[in-house]
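There are 2 protein chains.
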Amino acid sequence: MGLKSVKVVRVGHRYVRDYRTLTHLCLVSRALGVEAVYLEEVEKDLEETVADVNRTWGGGFAVLPGKWKKVFEDAKAEGRTVVHLTMYGSPLQDKISELRKKRSFLIAVGGPKVPPEVYKMADYNIAVTSQPHSEIAALAITVHDIQKGEELKKVFGDYRLRIIPSARGKQVEQKP
Amino acid sequence: MGLKSVKVVRVGHRYVRDYRTLTHLCLVSRALGVEAVYLEEVEKDLEETVADVNRTWGGGFAVLPGKWKKVFEDAKAEGRTVVHLTMYGSPLQDKISELRKKRSFLIAVGGPKVPPEVYKMADYNIAVTSQPHSEIAALAITVHDIQKGEELKKVFGDYRLRIIPSARGKQVEQKP
Numbered sequence: 001m002g003l004k005s006v007k008v009v010r011v012g013h014r015y016v017r018d019y020r021t022l023t024h025l026c027l028v029s030r031a032l033g034v035e036a037v038y039l040e041e042v043e044k045d046l047e048e049t050v051a052d053v054n055r056t057w058g059g060g061f062a063v064l065p066g067k068w069k070k071v072f073e074d075a076k077a078e079g080r081t082v083v084h085l086t087m088y089g090s091p092l093q094d095k096i097s098e099l100r101k102k103r104s105f106l107i108a109v110g111g112p113k114v115p116p117e118v119y120k121m122a123d124y125n126i127a128v129t130s131q132p133h134s135e136i137a138a139l140a141i142t143v144h145d146i147q148k149g150e151e152l153k154k155v156f157g158d159y160r161l162r163i164i165p166s167a168r169g170k171q172v173e174q175k176p
Numbered sequence: 177m178g179l180k181s182v183k184v185v186r187v188g189h190r191y192v193r194d195y196r197t198l199t200h201l202c203l204v205s206r207a208l209g210v211e212a213v214y215l216e217e218v219e220k221d222l223e224e225t226v227a228d229v230n231r232t233w234g235g236g237f238a239v240l241p242g243k244w245k246k247v248f249e250d251a252k253a254e255g256r257t258v259v260h261l262t263m264y265g266s267p268l269q270d271k272i273s274e275l276r277k278k279r280s281f282l283i284a285v286g287g288p289k290v291p292p293e294v295y296k297m298a299d300y301n302i303a304v305t306s307q308p309h310s311e312i313a314a315l316a317i318t319v320h321d322i323q324k325g326e327e328l329k330k331v332f333g334d335y336r337l338r339i340i341p342s343a344r345g346k347q348v349e350q351k352p
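Respectively, the protein sequence lines represent chains A and B.
Per the numbering used here, residue 1 is the first one in the first sequence, and the count goes up by one each step.
Per the numbering used here, residue 177 is the first one in the second sequence, and the count goes up by one each step.
Because the hints were derived from the structure by calculation, they are not lab data.
This structure is a prediction, so every number in the text was calculated from the model and none was measured.
Don't take every hint at face value.
[Claimed, not checked] Okay, derived cross-link-like pairs now, DMTMM-like style, lysine to aspartate or glutamate, Cα gap no bigger than 25 angstroms in a straight line: (1) K113/A / E349/B; (2) K271/B / E293/B; (3) K153/A / D321/B; (4) K154/A / D270/B; (5) K324/B / E150/A; (6) K330/B / E35/A; (7) K95/A / D321/B; (8) K113/A / E326/B; (9) K101/A / E326/B; (10) K120/A / D270/B.
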């Protein structure tokens, strides 16, 4: 299958307003084969939600604490291409062929209050449409295009429950 | 460009917990060229947020009240293909060629409490991975794949602000 290595960093967040959004961001990242999400602070209940999903559905997805600048620097030192998602950036469809030539990525998602340095330090500032919407959708489409849809086939090891896809209804396999 | 016609329906919701998620769902739909989202109830502040985004950034995206069953029936009467997104369904990648042959769609997003009839009445039950994540990401990837990425190029008419894509920084054109 040969998925590219992708990590994600969230630049800044306000916990109280953002708990559900952060949970979605983490679960989408996990489901699409992202290895880890870095957050400025990892709150206990988010950590537990993610650990619980890993235990039930498998895989080794991680949520880790990390300030964006340090995470950017480490990623660059590792040879990762740093992609900052912003509605102000270059259209994804204009850069996707170039991005697909890279081996590994750090994708930064933020919001309106992202410091200007983020735009400067990123290798690419990429827009998934120039319209306001959701960093979760922007991330999902970016990972999907970078991985050419191969991420949808990812198999998660060491699960307790696994869904058997079906045209109607719900079929779940439970490990004995 | 020739975008296919896509509408979205949210099956059930609990407003208090879901306000941000619903807003994201609507804004993602709008940004990806969906014509309308149907919700069981359209709360005033969500309606205002969407109206404000339309006024500022253009286009005629609508949020409309509608119970899922009636919306399904009307869509079918119009010849729309009804696609229900669920982690239990058939993998998107197995059905995408078939879906791309259809002209117009109603995409239903729900959650764990979706009534069994939704699975029966939908023409397709489709999974964007069989992992738990986010209906926003699932919707984004489904629309992106159905439209073959053409939705990212949509131009919104009658805007007050428009972003000029740029590699670094923010460039916004304001209508006089």
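So, going through the hints one by one against the coordinates:
Our distance criterion of 25 angstroms between C-alpha atoms is met by K113/A and E349/B, whose separation comes to about 20 angstroms. This hinted pair checks out: K271/B and E293/B have alpha carbons roughly 21 angstroms apart, not beyond 25 angstroms. Restraint check for K153/A and D321/B: satisfied, since their Cα atoms lie roughly 15 angstroms apart, inside the 25 angstroms limit. Restraint check for K154/A and D270/B: satisfied, since their Cα atoms lie roughly 14 angstroms apart, inside the 25 angstroms limit.
Our distance criterion of 25 angstroms between C-alpha atoms is met by K324/B and E150/A, whose separation comes to about 16 angstroms. Restraint check for K330/B and E35/A: the C-alpha separation of about 32 angstroms exceeds 25 angstroms, so the hint is violated. Note on K95/A and D321/B: the hinted pairing holds, with a Cα-Cα distance of about 18 angstroms set against a maximum of 25 angstroms. Under the criterion of a C-alpha separation no larger than 25 angstroms, the hint pairing K113/A with E326/B is inconsistent with the structure, at around 29 angstroms.
Between K101/A and E326/B the alpha-carbon distance is near 22 angstroms, which keeps this suggested pair within the 25 angstroms criterion. Distance check on the hinted pair: K120/A and D270/B sit about 40 angstroms apart at the alpha-carbon level, beyond 25 angstroms; violated.
Of the numbered hints given earlier, the model fails hints 6, 8 and 10; all others are met.
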